[in-house]
Amino acid sequence: AQKVTQAQTEISVVEKEDVTLDCVYETRDTTYYLFWYKQPPSGELVFLIRRNSFDEQNEISGRYSWNFQKSTSSFNFTITASQVVDSAVYFCALSAPGGGKLIFGQGTTLQVKP
Amino acid sequence: GAVVSQHPSWVICKSGTSVKIECRSLDFQATTMFWYRQFPKQSLMLMATSNEGSKATYEQGVEKDKFLINHASLTLSTLTVTSAHPEDSSFYICSARDWEDDSYEQYFGPGTRLTVT
Numbered sequence: 002a003q004k005v006t007q008a009q010t011e012i013s014v015v016e017k018e019d020v021t022l023d024c025v026y027e028t029r030d031t032t033y034y035l036f037w038y039k040q041p042p043s044g045e046l047v048f049l050i051r052r053n054s055f056d057e058q059n060e061i062s063g064r065y066s067w068n069f070q071k072s073t074s075s076f077n078f079t080i081t082a083s084q085v086v087d088s089a090v091y092f093c094a095l096s097a098p099g100g101g102k103l104i105f106g107q108g109t110t111l112q113v114k115p
Numbered sequence: 138g139a140v141v142s143q144h145p146s147w148v149i150c151k152s153g154t155s156v157k158i159e160c161r162s163l164d165f166q167a168t169t170m171f172w173y174r175q176f177p178k179q180s181l182m183l184m185a186t187s188n189e190g191s192k193a194t195y196e197q198g199v200e201k202d203k204f205l206i207n208h209a210s211l212t213l214s215t216l217t218v219t220s221a222h223p224e225d226s227s228f229y230i231c232s233a234r235d236w237e238d239d240s241y242e243q244y245f246g247p248g249t250r251l252t253v254t
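From first to last, the protein sequence lines are chains A and B. Take 2 as the starting number for the first sequence in this note's numbering and just add one per residue. Take 138 as the starting number for the second sequence in this note's numbering and just add one per residue.
Note that these hints are calculated values from the structure, not bench results. Watch out, some of these pointers could steer you wrong.
[Said to hold, decoys possible] In the EDC-like style, the derived pairs of lysine to aspartate or glutamate whose C-alpha atoms are separated by at most 16 Å in a straight line are: (1) B:178 - A:11; (2) A:102 - B:235; (3) B:157 - B:225.
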């Protein structure tokens, strides 16, 4: 069975601090995709990144970076120099090819205080 | 590109009535659309997978007769909540896959907030 665990329910930081959101997944598939989404108070999901299981390279996009480690089944997300606008709920998700349905983690609520 | 719309964005209805929510892919064709439900402060839970021209596949525990899904065209899927009750109040989100895109990415609609009084 597929499962995504985001152990951190809520995180509160002060602006400019770095913060890492953890994501651990379970799957028996050898080919799969991992995603991160941001959900601001408006409710609309914002796509952040997609990573396939064969690509373990870390990725950096501006203040955002992702660390994918198959050995520990983790796909962690780091925000550097956090800003108030980063306050949102962040979801990690897992998808198997073919079917395409997404399995979401419980989400981590990030609050960045000024 | 890859825009998905939902209508209405919010709706209030009385208990016992039915409500239809539309999900449209605006600039691509989607053979597969997904319907998710999200209760306050909870994660998204997949309700069903909608395939154009065929019956939807429902997740375990989701009542097919209560949540009717119709995927009549490559750009439109509808979710009808029949005989709605207050416990059906939730945020409903659809997503769509571009049939020409093999990246398996899903494009999400902005969601529909349903309140049943």
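Against the structure, the hints come out as follows:
{"no.": "1", "hint": "B:178 - A:11", "verdict": "holds, 11 Å"}
{"no.": "2", "hint": "A:102 - B:235", "verdict": "holds, 14 Å"}
{"no.": "3", "hint": "B:157 - B:225", "verdict": "holds, 13 Å"}
When the structure is compared with the earlier hints, no violation turns up for any of them.
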